[in-house]
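Listed in order, the protein sequences are those of chains G and B. For the first sequence, the tail end lands on 506 under the numbering used here, and the numbers increase by one without skipping. For the second sequence, the tail end lands on 533 under the numbering used here, and the numbers increase by one without skipping.
Rather than coming from a laboratory, the hints here were simulated on the basis of the structure. Misleading hints may appear alongside valid ones.
[Stated by the list, open to error] Taking beta-carbon pairs under 8 Å as the criterion, some of the chain B residues facing chain G (in silico): (1) G270; (2) A274; (3) N281; (4) Q285; (5) N290; (6) I292; (7) D296.
Don't be surprised by glycine CBs; every beta carbon is placed ideally from N, CA and C.
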Amino acid sequence: MPAETLNKKKVLFVDDEPLVLQGLQRMLRSMRNEWEMEFVDGGAKALERMKSQVFDVVVSDMRMPGMNGAQLLNALAAQYPDTIRIVLSGHADQELIAQCLGSAHQFLSKPCDPDLLKKLVNETCQLSGDVASERIRQVVGSIDKLPSIPATYHKLSAALTKEETTAAELGKIIAQDIGMTAKILKLVNSAFFGLRRELSNPTEAVTYLGTETVRSLVLANGIFEESSPLGTRAITLEDIWAHSLSVGQHAKAIMRALKAPESDQNDTFTSGLLHDAGTLILARHFSKAYDEILDLVANQHYPNTLAEQRVLGVNHAEVGAYLIGLWGLPSVIIRCIQFHHNPAQSPEGIEKPNPICAVHLADGFYAKNSRHPAFAHSIIDPTLSEKPWLSGKLEQLQQSLSL
Amino acid sequence: MHILVVEDDEYLSEIYPQILECLGPVKSCLSMSLALLAIKVTVPEVVILDLGLPDSQGLDGLARIREKAPAAAVVITTGESDENLAIEALRRGAQDYLLKGKLDKATLLRSVRYALERKQTENKLRRSEELFSVITNSIVDLLSIIDSTGKRLYASPSYQRVLGYSEEEMAGLDLSDLVHLDDRSKIQEALARLFSEGTSEGLEYRVRHKNGAYLVFESNAACIRDTQSGVPQAVFVARDVTARKQAEAEHNQMEMQLRQAQKLESIGQLAAGIAHEINTPTQYIGDNTIFLRDAFKALGEVVVAHQALLARYESGDFTTEEISAVRRQFDNADLGYLLEEIPKAIIQTMEGVKRVTRIVGAMKEFSHPGSDTKTRTDLNRAIESTVTVCRNEWKYVADLELDLAPDLPFVLCLPSDFNQAILNLVINAAHAIEDARSGDSKTKGLIRISTRQVDEVVEIRVQDTGCGIPAGIQSRIFDPFFTTKVVGKGTGQGLAIVHSVIVEKHKGSISLESNVGEGTTFVLRLPLKEV
Ligand SMILES: [Fe+2]
Ligand SMILES: [Fe+2]
Chain G
104 MPAETLNKKK
114 VLFVDDEPLV
124 LQGLQRMLRS
134 MRNEWEMEFV
144 DGGAKALERM
154 KSQVFDVVVS
164 DMRMPGMNGA
174 QLLNALAAQY
184 PDTIRIVLSG
194 HADQELIAQC
204 LGSAHQFLSK
214 PCDPDLLKKL
224 VNETCQLSGD
234 VASERIRQVV
244 GSIDKLPSIP
254 ATYHKLSAAL
264 TKEETTAAEL
274 GKIIAQDIGM
284 TAKILKLVNS
294 AFFGLRRELS
304 NPTEAVTYLG
314 TETVRSLVLA
324 NGIFEESSPL
334 GTRAITLEDI
344 WAHSLSVGQH
354 AKAIMRALKA
364 PESDQNDTFT
374 SGLLHDAGTL
384 ILARHFSKAY
394 DEILDLVANQ
404 HYPNTLAEQR
414 VLGVNHAEVG
424 AYLIGLWGLP
434 SVIIRCIQFH
444 HNPAQSPEGI
454 EKPNPICAVH
464 LADGFYAKNS
474 RHPAFAHSII
484 DPTLSEKPWL
494 SGKLEQLQQS
504 LSL
Chain B
3 MHILVVEDDE
13 YLSEIYPQIL
23 ECLGPVKSCL
33 SMSLALLAIK
43 VTVPEVVILD
53 LGLPDSQGLD
63 GLARIREKAP
73 AAAVVITTGE
83 SDENLAIEAL
93 RRGAQDYLLK
103 GKLDKATLLR
113 SVRYALERKQ
123 TENKLRRSEE
133 LFSVITNSIV
143 DLLSIIDSTG
153 KRLYASPSYQ
163 RVLGYSEEEM
173 AGLDLSDLVH
183 LDDRSKIQEA
193 LARLFSEGTS
203 EGLEYRVRHK
213 NGAYLVFESN
223 AACIRDTQSG
233 VPQAVFVARD
243 VTARKQAEAE
253 HNQMEMQLRQ
263 AQKLESIGQL
273 AAGIAHEINT
283 PTQYIGDNTI
293 FLRDAFKALG
303 EVVVAHQALL
313 ARYESGDFTT
323 EEISAVRRQF
333 DNADLGYLLE
343 EIPKAIIQTM
353 EGVKRVTRIV
363 GAMKEFSHPG
373 SDTKTRTDLN
383 RAIESTVTVC
393 RNEWKYVADL
403 ELDLAPDLPF
413 VLCLPSDFNQ
423 AILNLVINAA
433 HAIEDARSGD
443 SKTKGLIRIS
453 TRQVDEVVEI
463 RVQDTGCGIP
473 AGIQSRIFDP
483 FFTTKVVGKG
493 TGQGLAIVHS
503 VIVEKHKGSI
513 SLESNVGEGT
523 TFVLRLPLKE
533 V
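Just chain B, same shape as in the assembly (with noise of 0.2 Å):
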């Protein structure tokens, strides 16, 4: 420990580093400005100074000590004559003063041991005050400390920057008027556990920015007491998280969007599907109707030609030429082709109708608008529903095979997502033999679809001659976004969709049996029993 000694007195001044000999080197100076000088050689952790220097009197020298020395602790010696100099002195950071008159050896040695004890504590404390205050000022995230009344101790700089207010504006401000009126209770619920029970869990409410604005605050407290008065405060450690809140959402968002895509997509390609499906019966109901109408015309004509023949023929007055005229209207009127067509196209008229019929029924039960409560439900009606409406989406890669078991159960499930999750399985089955049979489009594949009941649970297996699932990639077909398809065919949902449906909506499960090459089964498995 260096001790420097400041005293004009010589005989102080000798005797001071004597009794302090022990304690450490000391250096004694006569006047300020050698003890400045030997300060800048070394600096001195006990500075004995008195206050009346030749070159430096009063609270001055004190001054000029700190400035160069402030680690160091000071103890002013003085006259009986200039104590409340001396107390003036101790408020202005010297540890302690001892009167000249009354000095002896044990007095100076207590009293430098303490000043240097104080100072040193002092000089922890300052520290620690600083690091505390270099990392508040630059850390991101809000420290704030209340009391139990709610009342603001503390707030980080990090507050200002955050909510956009200056520090004096920052000053007058009550934080919890920032918070949005929703969620003040949870606050307040959160501060009572915490001073009460001392726990706390992870809190998230809004905090208006100065620009009205609010911004999405997560925080955590802790409840610490105050070391002298011993009352409760809460320590509360808050994060922005607005930004990582709205990329969620967007990303939730997203995804809705997507799955709502893929359903206006396959919408969309169902329309058009549908439309084809209905507009060929159409055409010919309309081609066979015109022919119709054309070969009634003939044919009534020779009918009322004849019927005229068979009159004048009755009242015995007719010629050969009237016989020969209607002859030869009969031979020119085409009739054995009407004769022969006719039935045909009154079978094939009817038979378009029926197709027509057909289609409309899938689709309103493939809809099946309003159903968003779980019903009993035929499913082996409602998968003829889905490939009626679908058929021209595999017709062209594909024949499609039923294998329904008639005795299977009834199955307490919401329809239209069932029909969107085998739809989806469909398309997904042509395109995998689409995939399977490029370069070679004159064989047709083959989907087959069947139901079966095994115990308690109701089993659909979709089986398709397609292309197959490598086993690297079978564990993320179910994941959202996952399309092996060229960009621009597919959402990448279809999938997703259906293990949602079936596992999350139905509490069923989803395996599958794959051979690249051979082709795909999934295996849908729905409990009869509700889970």
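Next up, chain G with everything else stripped away, as it sits in the complex (with noise of 0.2 Å):
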């Protein structure tokens, strides 16, 4: 019994209506082995509650009498930072929304699908697992945006000014920016803005959320932020933008060189975009560890993957799922991020041409022309090229896209 409690996820559902609650209780009843719940009716008691029991999850209500349901996610986000914080509310009040943008990493409305919020809290929970080191699930969970390039926040800001930009303009800029990508993303996939499929292209996100909501959103909001120096001296933003929009680019190519369907193409170049978001997490937010990790691929030829395991005890991949986990993206991108360097591992497997399979390829392609110590060093999984729909064809396929 003590083991199984250890294991056991622990969840904390905050709402002003007691009805509420116990027809979540019941409704959940059946999760009782997976989790142990508990169902509070305040935000008051939900934090007295976390004084003496931190909960992984908290499920909370927004508009409730007293401290409100942005108040307890904020007072959570600077108290328990690697506590997954999820919105339930029953309508979209943006006055709220806005105030805990930040902190609350994702947002259901009501009434919300049961499947959805188990899925949500039992994957979340899966890749918090995943990164090891309690000291990065807080440091991660605490994100609430990536850094921008300067250059293309301030062409941003330039193009959100004049009245006459369009979402299709605004969505190209945004879809060339690692952070903007992401942070876009979170919000369109949120269950607040009423979408009913998931996006994975920040141009369709912007043309959804209309020009006027991102303008707000981006110059009230402040949901991007132009980047200040990363603090290594290892590696610049720039390097890992470059790499990334070239790998995002490449694998969109393979892609269409497999002759994959065209959503799959898109997809494919979001998750090129975003898959290294966790050696930007890392580079940004732990930036000595992140010089002793090059320091030791580059003189001691580790694996970037094992440098960053032996001095955080967790590698970029693990990192990046889970920030990217927390924000609610689509499974495909999430994917494409944790398994980026081993595709054999993935759930997709690598049987036939898959966006993971192609991101590796992409970053693969650019470690051969690369001598930066964060790039140069990933190798195509060689069992992959064996595969009767690549066997042959992998020279061919990089002359194809110049490389």
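Using the hints, put the two standalone chains together into the complex.
Structure follows, in structure tokens:
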């Protein structure tokens, strides 16, 4: 029994309506062997409860008398950064949402599909379990934006001040930037914006939200952040960006060359752009450690993931997947990030061409032409090149991309 | 009076001054050049001018004198043979002529006196004409004179500027053709009244500019009579008020839009609140139903297993393993929990459905579509629906108490307008309470609504424990645009709408009792009998 309780995920539900809590409790009764659940009817009580028992996940209503959901989540983000914070609210109160855009990881709206809630809690808990270090979980849990390339940031600000800028133009700019792409997809994929399907293309996201919403999100709510220098001497944001953009474009080109459906090609670009989001996080938030990691790679020929594992106890694929998972982006993107160095271990496998394989190949091609220690050592999985769909075509594929 | 005599006959040039001395100082000159010099020194009022001078012959002398002394009266002296010339001189501005041969003292004096008088009248007239033309040329207003047939006798130059025509174009235009077709009869009637009764009121009509756009003119008219013929004429003083009219129209439009915006804003806010009020029960109705589905499945399996076991038992063919298997299934089925929770889940589901039904019903009553006419209305019920519809706006800050007189008579009113007024007051009360308790978010305020019949009036009191309204602004709170809320929150139309609904549309009254820090009570009074 004690061993079992240890593995159980602790989930706390907060709502001012007792009937909602009772309903959730009954509906989730079947999860009682996997989750340890508690139900409290107010923000203050939730904070009080957290003092004696830190929960892995908090699911909170927004409008509540006394302390509202936004205040609760902000307090939790400050005190318990590695707790996964999910909003479950009856209607999209723009004002309240804007107050916790940074502290809420995901937004669900009532009435909520129980399977979606279960899947969300399980998947994010799973990704969080992969990040073995509590300190890194805390850091990743409190990230509310990824840095943007200053030039791109200024380009976007300039475009937003012009009345006649179209959604397509904004989307094009956002699609060039790792931080902006990730954040806009986080917003558009949260259930609050009423989307019925997952979006992985920033241009579609901007079109869906509308230029006005994007304008106010960027200019008034400051959802994007112009990057300051990363703090490591080993790598710059521009290095990561150039690599990511190239991998995005080439992964998409590979999918096209392999005659994958158009929609998969688009997913693949975004996946490629975001695949090293973890590197960005490590370089930004663990700069000293990252210097050390690249030193191990350059001088002792450690593979990157191993060096990261040794210094930080976690690698950039796990960290990136955790953040993007917390942010609720489509699972194909999360898995591309998670498995881009070992596609054979992904649930999709490598028997057929798929976005994960494409990102892996593009990453490997880039390595051959790069001398940067962060990117030069990605090796294409040899078993992959033996698969019938790829065997004998690798060379040709690489040439067709003029690499 | 200065008199100048210009005469080359030496005898006459001595005689005239002697005769005229009695009228004022007289200067005598023998030639035109000397006369012009004299004029430079002193401008005379009267000039006696001979048309046959050595250095000036005929009408040329008259012209030169008039040029230098335009205000002077000129009397011509001439020989009998030149009477035609003298008459021509009169036409050119001389006041009188005298024939040299028939001149006597009395004739000369009389002629000079008359000449002077005529000249003075002429000068006065000219000055007033000049003044008139200066005024009419420079005024912004439009001045026109027409006769009783509608013919234009005069139109000030300002017409050209305002209507965009040149002087020549204007001369060829009939102003009445420029008046908007729909306004012509109005002008005709006003003119007819003016000419027959001599009175007129201010008139407003549209006139077409050269560019085709219509301007709005506002005019006053007066009736005058031509001094000579006695024929009546109408003097119009008109003003282009297009810009003012536009500004007025824009202002009205803006006020209307703001009211509409307030209505939309409250509808939008309500819609969000109602969505929340409906989504909350929907959430637990769904959750409970899923639980009941799973519970039924679990119970069903247990029942089916027992049924099978029972059949085996009846046939006498069963094993103890089978019994313990069913026992295990029974133990694992979480039956204690299910038996306790299933009735609750059912009750709560029904409660949720009731809540949704109540809100939807209230919404229907609140919006009351298509009620543009006054109908007998149960105000108690209207109030209940309204507070249900906007529950989400007050429930986080206040409790709400209804004290509705059960025997309240129905009131003839516009239900949706009345609901809007109550809604605005409740939201206002919620905001006042929110303001009062900012900082202390634990205690809730109280909103209390009561209805009573007092004589021939129904009294509705909306009371809150909010921040109160300072005496200094109590008189202004019903003004449109007046708001104490931060910019962006509220249009300042809320209470103005309450005022318009209760006072203007229902002939009722509003008063308020308020103490800062304690709260406010709005008292609405609606007459039971139609006024
Ligand atoms: Fe990587
Ligand atoms: Fe990479």
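So, going through the hints one by one against the coordinates:
{"no.": "1", "hint": "G270", "in the structure": "11 Å, violated"}
{"no.": "2", "hint": "A274", "in the structure": "5 Å, holds"}
{"no.": "3", "hint": "N281", "in the structure": "4 Å, holds"}
{"no.": "4", "hint": "Q285", "in the structure": "4 Å, holds"}
{"no.": "5", "hint": "N290", "in the structure": "5 Å, holds"}
{"no.": "6", "hint": "I292", "in the structure": "5 Å, holds"}
{"no.": "7", "hint": "D296", "in the structure": "6 Å, holds"}
In this structure, the one hint that does not hold is number 1.
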